[in-house]
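Chain R is already provided as a structure; the job is to place chain L on it using the hints.
One-letter residues, chain by chain:
2 protein chains.
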Amino acid sequence: MLIKTAEIICVGTELLMGQTLNTNSQFLAKEMVSLGIASYHQVVVGDNHERLAEQIKESASRADLIILTGGLGPTTDDITMGVAADVAGKELVFDEESFKNITEYFRKMCRNMPKNNRKQAMLPEGCTILKNNNGTAPGAMFEYSCPTDEDPDRVVHFVLLPGPPSEMSLMFTEQVRPLLEKMSDTKFVTKFVHLFGIGESDAADRISDLIDNQTNPTIAPYAMTGECYFRITQRIEKGEEEKDLITPIIDTMRERFGQCIYEVGDRPLKQVAYDLLLEKGKTVCFAESCTAGMVSSEFVDIPGASQVFMGSVVTYGNKVKSNLLGVSTDVLDNLGAVSRECAQEMAEGARKLLGTDIAVSITGIAGPTGESAAKPVGLVYLAISDENGTEVKEVHLSGNRMRVRRVAVLHAFNMIRMRLS
Amino acid sequence: MLIKTAEIICVGTELLMGQTLNTNSQFLAKEMVSLGIASYHQVVVGDNHERLAEQIKESASRADLIILTGGLGPTTDDITMGVAADVAGKELVFDEESFKNITEYFRKMCRNMPKNNRKQAMLPEGCTILKNNNGTAPGAMFEYSCPTDEDPDRVVHFVLLPGPPSEMSLMFTEQVRPLLEKMSDTKFVTKFVHLFGIGESDAADRISDLIDNQTNPTIAPYAMTGECYFRITQRIEKGEEEKDLITPIIDTMRERFGQCIYEVGDRPLKQVAYDLLLEKGKTVCFAESCTAGMVSSEFVDIPGASQVFMGSVVTYGNKVKSNLLGVSTDVLDNLGAVSRECAQEMAEGARKLLGTDIAVSITGIAGPTGESAAKPVGLVYLAISDENGTEVKEVHLSGNRMRVRRVAVLHAFNMIRMRLS
Numbered sequence: 003m004l005i006k007t008a009e010i011i012c013v014g015t016e017l018l019m020g021q022t023l024n025t026n027s028q029f030l031a032k033e034m035v036s037l038g039i040a041s042y043h044q045v046v047v048g049d050n051h052e053r054l055a056e057q058i059k060e061s062a063s064r065a066d067l068i069i070l071t072g073g074l075g076p077t078t079d080d081i082t083m084g085v086a087a088d089v090a091g092k093e094l095v096f097d098e099e100s101f102k103n104i105t106e107y108f109r110k111m112c113r114n115m116p117k118n119n120r121k122q123a124m125l126p127e128g129c130t131i132l133k134n135n136n137g138t139a140p141g142a143m144f145e146y147s148c149p150t151d152e153d154p155d156r157v158v159h160f161v162l163l164p165g166p167p168s169e170m171s172l173m174f175t176e177q178v179r180p181l182l183e184k185m186s187d188t189k190f191v192t193k194f195v196h197l198f199g200i201g202e203s204d205a206a207d208r209i210s211d212l213i214d215n216q217t218n219p220t221i222a223p224y225a226m227t228g229e230c231y232f233r234i235t236q237r238i239e240k241g242e243e244e245k246d247l248i249t250p251i252i253d254t255m256r257e258r259f260g261q262c263i264y265e266v267g268d269r270p271l272k273q274v275a276y277d278l279l280l281e282k283g284k285t286v287c288f289a290e291s292c293t294a295g296m297v298s299s300e301f302v303d304i305p306g307a308s309q310v311f312m313g314s315v316v317t318y319g320n321k322v323k324s325n326l327l328g329v330s331t332d333v334l335d336n337l338g339a340v341s342r343e344c345a346q347e348m349a350e351g352a353r354k355l356l357g358t359d360i361a362v363s364i365t366g367i368a369g370p371t372g373e374s375a376a377k378p379v380g381l382v383y384l385a386i387s388d389e390n391g392t393e394v395k396e397v398h399l400s401g402n403r404m405r406v407r408r409v410a411v412l413h414a415f416n417m418i419r420m421r422l423s
Numbered sequence: 003m004l005i006k007t008a009e010i011i012c013v014g015t016e017l018l019m020g021q022t023l024n025t026n027s028q029f030l031a032k033e034m035v036s037l038g039i040a041s042y043h044q045v046v047v048g049d050n051h052e053r054l055a056e057q058i059k060e061s062a063s064r065a066d067l068i069i070l071t072g073g074l075g076p077t078t079d080d081i082t083m084g085v086a087a088d089v090a091g092k093e094l095v096f097d098e099e100s101f102k103n104i105t106e107y108f109r110k111m112c113r114n115m116p117k118n119n120r121k122q123a124m125l126p127e128g129c130t131i132l133k134n135n136n137g138t139a140p141g142a143m144f145e146y147s148c149p150t151d152e153d154p155d156r157v158v159h160f161v162l163l164p165g166p167p168s169e170m171s172l173m174f175t176e177q178v179r180p181l182l183e184k185m186s187d188t189k190f191v192t193k194f195v196h197l198f199g200i201g202e203s204d205a206a207d208r209i210s211d212l213i214d215n216q217t218n219p220t221i222a223p224y225a226m227t228g229e230c231y232f233r234i235t236q237r238i239e240k241g242e243e244e245k246d247l248i249t250p251i252i253d254t255m256r257e258r259f260g261q262c263i264y265e266v267g268d269r270p271l272k273q274v275a276y277d278l279l280l281e282k283g284k285t286v287c288f289a290e291s292c293t294a295g296m297v298s299s300e301f302v303d304i305p306g307a308s309q310v311f312m313g314s315v316v317t318y319g320n321k322v323k324s325n326l327l328g329v330s331t332d333v334l335d336n337l338g339a340v341s342r343e344c345a346q347e348m349a350e351g352a353r354k355l356l357g358t359d360i361a362v363s364i365t366g367i368a369g370p371t372g373e374s375a376a377k378p379v380g381l382v383y384l385a386i387s388d389e390n391g392t393e394v395k396e397v398h399l400s401g402n403r404m405r406v407r408r409v410a411v412l413h414a415f416n417m418i419r420m421r422l423s
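Top line first, the protein sequences correspond to chains R and L.
Every letter in the first sequence is one number past the one before it in the working numbering, and letter 367, counting from 1, is 369.
Every letter in the second sequence is one number past the one before it in the working numbering, and letter 310, counting from 1, is 312.
Bound-form chain R, shown alone:
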């Protein structure tokens, strides 16, 4: 059966009480869009048998696919699996292999498995079991016969996923998405064009002629912290000729945005920087002040980072800047730690101390305190140093402490990109 519409139901009193921010709905909503599945409602409901059952039935009367997240835990208030099975008229049966996986999970952690975790291996009879590669609760996919007057054979698909986002997203991407792709009659081809150094509305303005006249492909701008990107999606109906309508649009974007485009594809900025370092055989280190380890930590998210990344120094106090990196007291006393000169000496000192080909330094005022008339919150200096010399960049970032630090991190990666490409 083809799936055209979906509803996302997130289960959990912690969502109803606002203790947890609901990021699962957004993740799944984006996935539905890219699968070409329409979604007209998202719902949050608590761990209450009657209300949950009622909501599942109502959603099933409206949509072909119901995705439920949360409430698969081991405790008695985790009822989603039981309620959904109940609505679909299925018994929960013990699954030996899931139980083995849960046991194994605890063994790896050198922890005793509490008795109640056995409950997580109770799954609806005949369901497709979704293995949890990042936690204990397995998920499940099964069908619910939900006839209507027009369609007496109508079947609704239930997908049950765990609540923790890291478990849910992995399970969906690896196991559910491939199944759903086979159940749609429209194919969507999507490409992303990532930009750095230009705001979303400015970027959209520059290609407003393309955006205003879009039909197929569709072009949508998105803003992320400190960067933006365009999604270009071409719709191909089954049986239709597969002509590439996306490349001409990307070509126009390249003409208009030039070096602001850092990626056509999926690579984040740090991966682009990493790939360039690897390609050129260069090693790197960072000297971080206001970012305080965030650049290094994010860079190491890339598996294999050790091939190019040696280490870093977080020089938060001024004494550490001079003792470890040799920043002159003259600079610190007269120009301050947030200055062009300090950034330069930090980068040069780090390159020497850690013995890398390239060093990038970051020093700035992240706020909320520490600003002055001459040095407002958001003022950040970055420097990149290599055998050819040192280059310093001054940027002015907006937003709170966290945003200033996040965007400064991106600038650090972008400096590597610009230097090596």
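Read the hints as simulated data drawn from the structure, not as lab findings.
Keep in mind that the hints are not guaranteed to be accurate.
Given that identical chains are not distinguished, each listed pair holds provided it fits within a single copy or across any two copies.
Mimicking DSSO-like on lysine-lysine, the simulated pairs with C-alpha atoms at most 30 Å apart in a straight line are [unchecked claim]:
#, residue 1, residue 2
1, K110, K395
2, K32, K377
3, K245, K102
4, K133, K184
Frame of chain R; chain L shown alone:
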């Protein structure tokens, strides 16, 4: 009329498509909790007249208060005000003062007001107008007569707020909340008990007698990455004596969980560590391998971190471990970088290099590569060094690279807590 239950309806196709993260629901949910208003459903619906009207009617059949956010903008797809007024059987009428406010808003921003912004001054007859002090769209509060068999005089309250979080939250806090406080007869008192070093289901097991017998207060366990917490909520009806029923439960928890409880309140683990350092007048630095700056970066999220935090070294490569921290080649060659001895020498070396009272080191295998039979993914050694000596801890963490690193960060903060408390 008293308000006991509420539903939050967020309106917007951008939410259904996942372009925008729904933070409004969380904000309003928390507000409802603190007002003692129960909420059993949250809904997201698009800018579609029929579906929105149907949702409002359904929600109104279940709850005393319906809060709608979004869809108050000037364009034709902003329909929330019209649809809600329609459901309540009210006409939209032009409000002179709201129009003046909108005009004034544009004047202040030195921008011309587009013609279609006049639409935002069309408000339901007889409503309480909510002024927008942070944007153009005014909100509104009005009643909807919604009789049931049991209550022929039943009235439901509608509150309509703009979608942008900065406008919505300000309008709610300044204008809606004071009105709602007068309309509730129940007060809720909530306390949180945070634990580290014990899993959610294990923790729930240990107080299953309390959880199974709960009526008032209610006790609920929650899992977060690497830690868990209990929410204890006591319900106090108006006129009832305010007897503290929560403290006896916390006392029992303290007996059963001992040092696993790191906080009764709102402070995250890193804040507890920071407060202890500040209280004892100690400075700290970190030597990070697998976490690669994440401990330092998270610690610096705390404003005022510079009072106790001097800096850190990220020693990702072995050469950096020996050159900067003096880890002996003997240890690195024979025992490896992920060993008890390496952690110890890293902490001691960092304390010396950075001249702090305390140093914490972290070295481990975050995966996905680098494991061996003797050293599986998730094996992490941490050491804490101060004037009294150095202590090493071995932990086994589960999950992917990101989770292993995140939980290792928590262990680093916990080592500080344990050492100083």
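Practice problem: Enumerate the violated hints, using their earlier numbering and listing them in ascending order. | Solution: Violated hints: 2, 3; rest satisfied.
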